[in-house]
Structures are given as C-alpha cells and as structure tokens.
Amino acid sequence: MTGRGAVIVCDRVEFSYAPHRDGAPPVLRGISLSIRPGEHVAIIGPNGSGKSTLARHLNALLQPTSGTVRVGGMDTRDPTHTRAIRQTVGMVFQHPESQMVATIVEEDVAFGPENLGVPHAELRRRVRDALEVVGMWDARERPPHLLSAGERQRVAIAGVLAMEPACVILDEATSMLDPRGRNEVMRIVAELRRRGTAVVSITHLMSEAAAAARVVVLSDGAVLMDGAPGAVFARADALREIGLDLPPVTELARRLGRAVGGIPTDILTVDGLVAALAARVAASR
Amino acid sequence: MSSLETRPAPDRPLIQIEDLWHTYMVGTPFERVALRGLSLEVRSGEVVGIIGQTGSGKSTVLQYLNGLLRPTRGRVRVGEHDLGRRGADVQAVRQMVGVVFQDPEDQVFEPLVGDDVAYGPRQLGLPFEEIRARVRWAMDAVGLPFEEFKDRYTFTLSGGELRKAALAGVLALRPRVLVLDEPTSGLDPRSRAELWERIRDLRTRDGLTLVLVSHDMDEVARQSDRIYVLHDGAVVAEGTPREVFRESARLEALGLALPEVTRVCQGLRALGLPVPAGVLTVEEAGDILAALLEARP
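In order, the protein sequences belong to chains A and B.
Take the first sequence: its position 49, counted from the start at 1, is 49 in our numbering, and no numbers get skipped.
Heads up, our numbering is the position in the second sequence plus 285, with the first residue counted as 1.
This is chain B alone, in the form it adopts within the complex (with noise of 0.2 Å):
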C-alpha cells in the first residue's frame, strides 16, 4: 500500500465523518442509540481534541475512525476510503489510523520490550530490516531509547515507560493519525509531561495528526487546535479551545468541568472584574491578572 494512494487532496480533511448513526444491541430490551447524525472532521496536521461525557459517543466514534465499525446509516471516510462501501480497503485504514486505546499497557503481552513493540509490524509481514528500523524508530521516539529497552523484560517497566511501549507498539505501524484515547491517565504529573513532550515531537518532526479523547480539560485545553463538544450522541459545540471554554455556562450544563483557571477567571467575571472569558493556562492567566492586580491604584 503506497501513502501516495491514500493521500487526499489538500482542500479535503483527512477523515471526514457525516451524519452517522449508531445503535447498539439492536432489537432487544437494552436497545441504545449511540450516535444520532454526528459529523465531525479531522484535517491533516492537526490537533483534534474531543470531550463529552461517560456515555456520549465518544467511544463509539473512535470504533468508527480506524474501521472497527463499519457505517450503516451515515458516511464515514478515511483518506480515500469510504468504509461504507462494501470492500472498502480496511486493512488500508487500519494502518493510516493508530488507535492508543485506554489503559494500553495491558496489552503489552511479549515478555521483552523489543518484541513487545515489533508486534504491529510482523503481524504486517514486513521484511526483518524494516521492521527493525520501525521499532528503533518508534522506541526512541516515545523515549525508550532502542538499545537501551529494546532486551528489557516489560514486567520491569514503570507505569509511564509502559504506556510509552503501548504507543510505540502503535507508531511502528506508521500510522498517518494517531487517536489518544485517555493517553495520561494513571501517570503521574512528570510522566504526563514528558509524553506530551514526545507527542507534540512527533507532531512537528513527523506531521501526525492527533485525536485526543479524555476527561481531563486542562490537557484538552492545552494540547488541543481544535475541540468537539459530543453530547447524547452528537455534536453540540465545535471551535478552538478558547471558543469552546468561553461557553462555561453550556459546558457546565453538559456535565463538563472547565480547566481549573478558566473557573477563576469565570468567578472573577462573575464579580464584575474585567476579566477575559476563555483564559486556558496557568501562564495565560498568571499574566492576565498579575497585569489586573497591579493596574489598580
């Protein structure tokens, strides 16, 4: 499969999905509808964060953007392949489209690191040599320096160097997209920086397109170009982030927290403080209102 074949034109995002439908368990008592005409799109190169509730759909769009669901009603295509249509190649988008899902680490299965992360690539049949650049490639990318861990048992590793393996498992396959499913959950504050760190790395160096999924707004907020609002199904707020979090009232109403500062910023507001709406970072915010504090007389 040549990249030349699945690259889109440059006006067409990447992945684009149209008014999608799901319903799971269809025809028995516990019959759900889990997507009600959803339509989100994905363009090269960027970051698309995607934040809804426990139960909001965003499971089930992730199942749809590598081809582990197939669309019955409502369109989803890949690159060039409309998974639609009966013998769309999904074999092609499963490897355009790494899915990191939550808690990767269990399934980190090969008792060394090294084979643990060629997994993906063998079971691809490619030849011996390219696999063993993809991994070196892909091991010192996450930051498991390839000679290093590559014979290291991974019962040894800590939590953070495993869930480091579990994406590198997933870049050895080379995908175009890399979907993050909860990436930092259960590490510890310096653990989740330093994978940022590598993500963002392999974003400007390898021009990866990102989806990220988590509950965790702050890093929505932070690594996010572009956000998703899903609820019940669909979706109820597009834009930057900025855009996204002015509207706290509606966040709030959806169930959804916002980034600890911009809640600060908001009970300033709330005050009659001139305070800007949208305020993401620490740093933004530090500046905005060390600049407030000290205007006054």
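Just chain A, same shape as in the assembly (with noise of 0.2 Å):
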C-alpha cells in the first residue's frame, strides 16, 4: 500500500488487548488502508469486528501490537509525536459529554488549541470559525449540559475542529440522535469535505455509509471489503453472512430489480430510486 499524500497509513495492522496471553484472539488482523486529504470514509462492520479498535489506532489513542500506523508521515508509536498526532486527527465519540470540560460553550471549544498555546487573536479566530461550521456561534454563551443531545454533538466536533485537524473520526457520532440532529452532522460533514478535511465516520447505519464516498467493511478484524458504496452494497450475500444489511432503499431497488428487471442494482438513495423508477415507467409507456 502507498501513503504517498496520504493523511493516514495503517499497514498490516495487528493489535491484541493482551498480546502476551495465550489465547486472546487478536482484535485486528492485518489492516491496510490509508485515507487520504478530503476523503468521506465510512467503516462499517458487525459489533466485535474491530471498528472502534480500528479508530483508536488512527489517533494514537492505541498502538498496534505489529504493523505501523502513520500520520502525516509520524509513527503513531513514537510518544513524542502523540501530541502532533492528536491535532492532526481529531476524533468525535458516541457520546459528547464525556469530551466536555467547560462551563460555557464557547470555552469549551478553545480548551483544545488555547493548551496548544495558540494566540489569542488566532484563538478567538478559530473557536468562531468552528461554532459557525457547526451553526453553535449563537449559543456560545450557553452551558453544554443545558443543550440538546444534537447540540452537545455539534460542540464536540466544534471542539475538534478548533484544532484544525487533518481528519476528524466520527465514531458513532450520530447514533444517539434524531433525524434532525443526524442531517446535521451530514451536513458538517459536507461542509468538511468542502474545505479538505478528510471525514472518517463509523456507523451502524448502512443509509449513512451510503452517503460516504468509500466504504470498508470490517470483518473480524480484517478488511472484507473496500471500495465505492454502489460496489460494496451490491454484494448483499456477503454483507448479510457477516450480520450487516442493505440500506432498505438499495434493498427495495433489489427486489424490483428482481420481480420486473430493468432497475439498477447500485442504487443507494430515495431520489435515486424515485428517478430510476420514473425512467422505467416512461419508458415502458
């Protein structure tokens, strides 16, 4: 694999919780992937397959038992760069209040960068910009535990994005949230992408990997597979052998698909199927 203008290599990634016991089944078997500026990257894969095992390693957060991870060029298991690591990969977790420090909203966001000794000017600066790109800026006074679940999700990857990172993880940021709060989230995550940041999201919901622009799957803690949504979810048969499914409008496109013909079979959107119907009846008249 080449890492050539790569954010993030991982190559041949092994890790073991307990590595020296017998016994302990290995948690990742040799993952190879890199992510590259800008990219949309969703991981899915059944519970146990290493997802969140896999996201700890792209921060430093944990280091492989062999294999290396690299990060900007830096060795995720040299310590002196841990802290650089960090503020090129900022990560999001399920759950926002355990990332909270601060009282008010707006100081909870410059935690980050004002311990990274950024200037004050250049400070106030980026806590603005990132309240703004998650639509916060007018709550910035308020106290984080005051806020909607969604909200609190905002300010956390607001909290991330003042660092200025390379990538931010999503690490099932958005399966405590209602609808609303989720198109939300897409929506940063396009605004990201708009502005080069490389967005890796792992998810449980087979419609939000859809919206990705790579998908991989994990499987026991290998890559099963890597590639466009369109590919991935057209092979339904593996993905359920493994316990995962289709998004239900790739599925209902499959069945159509099926019992009349004439559908696509890579469709991954409500619009998407609406149109490709809409072509199949005018065509059929």
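Hints should not be assumed to be uniformly reliable.
[What the hints assert, rightly or not] Straight-line distance between alpha carbons at most 25 Å, and here's what the computed SDA-like set of lysine to any residue pairs gives:
{"#": "1", "chain 1": "B", "residue 1": "Lys435", "chain 2": "B", "residue 2": "Glu479"}
{"#": "2", "chain 1": "B", "residue 1": "Lys435", "chain 2": "A", "residue 2": "Asn47"}
{"#": "3", "chain 1": "B", "residue 1": "Lys435", "chain 2": "A", "residue 2": "Pro25"}
{"#": "4", "chain 1": "B", "residue 1": "Lys435", "chain 2": "B", "residue 2": "Gln408"}
{"#": "5", "chain 1": "B", "residue 1": "Lys435", "chain 2": "B", "residue 2": "Gly471"}
{"#": "6", "chain 1": "B", "residue 1": "Lys435", "chain 2": "B", "residue 2": "Ala478"}
[Unchecked claim] Pulled from the structure, derived: some chain A residues nowhere near chain B, Cβ distances all over 10 Å:
{"#": "7", "residue": "Glu106"}
{"#": "8", "residue": "Gly150"}
{"#": "9", "residue": "Ala238"}
[Unchecked claim] Pairwise CB distance ranges, derived in the manner of DEER restraints:
{"#": "10", "chain 1": "B", "residue 1": "Arg407", "chain 2": "A", "residue 2": "Arg56", "range": "33 to 41 Å"}
{"#": "11", "chain 1": "B", "residue 1": "Pro314", "chain 2": "A", "residue 2": "Arg124", "range": "33 to 41 Å"}
{"#": "12", "chain 1": "B", "residue 1": "Phe440", "chain 2": "A", "residue 2": "Asp220", "range": "44 to 52 Å"}
Rather than coming from a laboratory, the hints here were simulated on the basis of the structure.
Computed from a prediction, not measured in an experiment: that's the story for all the values here.
Using N, Cα and C, we set each Cβ at its ideal position, and we do this for glycine too.
Two chains, two separate frames, one set of hints: put the complex together.
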C-alpha cells in the first residue's frame, strides 16, 4: 500500500488487548488502508469486528501490536509524536458529554487550542470559525449541559475542528441523535469535505454509510471490502453473511429488479430510486 | 404484591396519562417547560411507539411511566396506582413497569452475567429458588441460555450480548410493561433483528405490553401497533403507523424523517404515479411497486 499524500496510512496493523497471553484473540488482523486528504470514508462492520479499536489507532489512543500506523508520516508508536498526531486527527465519540470540559460552550471549544498555546486573536478566530461550521455560534454563551444531545454533539465536533485537524473521526457520533440532529451532522461532514478535511465515520447505519464516497467493511478484524458504496452494497449476500444489511432503499431496488427487471442494482438514495422507477415507467409507456 | 390487585378492569387502559405538565429547573434562568398538557394511554398487550425530536418530551414521559417522577400537575395512573396521590405504591409501579434506558450495558456492573441479571430480584428480597427461576427464565427469553452464560464474565460479552443481559436484568423483575428507550442503537443489523425476534416472542408468549421510544423510524413503523408523535411537550398526532406516516409533510415539518421506503413512495406520488400513501416496509413497497411496473403495457 502506498501512502503518498495520504493523511493516515495503516500498514498490516495487528492488535491484541493482551498480546502476551495465550488464547487472547487478536482484535485487528493485518489491516492495511490509507485515508487521503478530504476523503469521506465510512467504516462498517458487525459488533465486535474491530471498528472502534481501529478508530482508536488512527489518533494514537492505541498502538498496533505489530504493523504501523502513520499520521502525516509520523509513527503512532513514537510518544514524542502523540501531541502532533492528535492535532492532525480529531476524534468525536458517541457520548459528547465525555468530551465536555468547560461550563460554557465557547470555553469548551477553546480548550484544545488554548492548551496548544494558540495566540489569543488566532484562538478567537478558530473558536468562531468552528462554532459557525457546526451552526452553534449563537449558543456560544450557553452551558453545554443544557443543550440537546444533537447540540452537544455539534459542540464536541466544534471542539475538534478548533484544533484544525486534517482528519476528523466520528465514532458512532450520530447513533444517539434524532433524524434532524443526524442530518445536521451530515451537513457538517459535507462542509468539512468542501474545506478539504478528511472524515472517517464509523456507523451501524447502512444508509449513512451509503452517503460516504468510500465504504470499508470490517469483519473479524480484517478488511473484507473497500470500495465505492455502490460496489460494496451490490454484494448483499456477503454483507448478510457477516450480519450486515443493505440500506432499505437499495434492498427495495434489488427486489424490484428481480421482480420486473430494468432497475439498476447500485441505487443508494431515495431520489435515485424514484428517478430510476420514473424512468422505467416512462420507458414502458 | 399480588398481580391481581394491580390488574385493571379490561376496558381501562393499563397506563393513562392526562394533561400532564412538567417544568425543569423551576425558578431559575434555565427554567424549561418539558411537558405541556400531554395525554396518552397504553392498553394491555399493545406495542406503543413514541417518536419526536430530541427535546420533545419523550425522556420526561418515560420517567413518569415508572414513577421516577411524580405528577404535580396532571394525572398519571399505572394499573390501579394513581401516582399523583400521596402514599401511592411507587414500588409496585416500578415492579409493574420495567424501563430499559438508553445504553443499558453501561449499568452492567457485576463480574458474572448471572449475578448481574439477578441483581434486581435480589433487591426485591425474593427467596433464592425464586431468584434463580426468574434469572433462568429471563436469560433464556433474551437468548442468552442460562447454563451457557450464567458464569461468563460480563466483560467478555459482545455489544449485542451485553444489551441482551441488560434487558434480562429488567425482565427478571417480571414487569407487565416493558419500556424500551432506543433499544437497538449501536447494534449491528443482525443483532438488531435477533433482539426484536426475542422481544416479539415475549409479547406473544407472555402477553408483555411494550412502549418503544426510538429515532429509527423504520423500527418504529415496523414494530408498533400505535404511535404517538410528540412535539414541544404535547401529543401532536396519534394513530397506527400507516395513519401517522401518511402525514409525511407534517412529520417532516416536525423534524422527523419518514422511513426510506415511505419516502420513495411519496416521491412517486409527487410525480403523479398511483402509489398509496403510508407504505412502510420494503416487502410491502416491493409488492406494490412491482405491480405498478408490471401493469404498464
């Protein structure tokens, strides 16, 4: 695997929580993949497939038992790089409360860059910029604990953005959000891609993965598939075998394709299926 | 507490909430009205879905259902127990209504699975044999066979197994109503399907009544007999899933997404094609749309 120009390069990463104990099964078994600048990659896989463990390798929260993870060329096993690596790759978890440190939103977002010693004027610019991207600038003086779950998650994302990372990892960051909160995070992801920030989202929602540019499927600690969502979700049987499923709209398209023919099988969105069905009806008139 | 005493007359709903109001942090600058005259009822044996945006009042209602909150304005009756009355038997209500909160596995704290499931019944002071029988029943019911799982360490369980263990812990209290708050979030599709199969079994075999709160509209549409839509602390719509999801424009205005296949049918209707409103499942949409496509010359 070449890592030229990549933000993150994983090379044959193996990991075990207890490497010296016999019978402790490895959680990651030789994972190689790279994340390029501005890319949106979804990582899916059944419970226990190693998704969150892999995510924790991408910003040096965990180090591989063997193999290497390089972030901007820096080896995550070298502790002198840890600080720079965490600035390059920011992580947002399922429960934003665990990341909240301050009593008002603005201070919470400023916490990371302030600790880096970012000068005051620059700090103010970053905090404002980050809160504007997530649409929370107007709430800057509110206490985080009085925000809704969706708003808190947006503040947590702003806290990561204020570090101006090259890559943001969303580890099931939308799983506790309502549909509107989820859409809001999807909008933020699109904005980050426009700005050239890479996004890696770990998700159990097949529809959310379908919206990424690339989908990596993990199974039992190894990469089972890595490709465009259309290509990945075309392999329905292989996905079902490991306990995953298709987005409902893709499943419906396949059913209709089998029943009446003439429906593309790589449909991933509601609009895409409506257009395909409308075209099919028009053609048969 | 005998269950005969708590069994309501057959024509009365099992749970009845009338004109319930709730305000958080009264008298502070952060005062917020969470419930504004909310009314809903749950009948014995049905599956009631509750949907609404974050902040619509769902979590507050759940806390009233098993007596964690007591009404100060409005009425909450569970079985024969009027929770607004001083001296109401809150213990009996908590035994009758089991709530599985979000991420229940965070509350799994005993090292062994069997001990964790037994925690609740032990607190009730039940005799040993009774506790054992209940734990066995609850673990078997959720699909963690008692003999195989009772001596396993909780930290070795997968995400799906942990969720089942947490559910078993609530079931071991033998509630008549099971309240599930986001029961399958964080689970992969197979674990989700398995968990629902177990829950449906409990309903048909043991006559369990279910209240389901979820952001997953596909799940709510598929599992509920009846749905309440909450907005800003009040009920703004109620009906069967088909009735509720037929009002697509209204739901979207409330910030709620429709199930994906419902949106596909909606899009085709907008193009003037003869597709019914309120189609909810992939199976149903597949049949309807295949017929539509084949009917064309």
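Legend entry - Numbers of unmet hints, in rising order: 8, 11, 12
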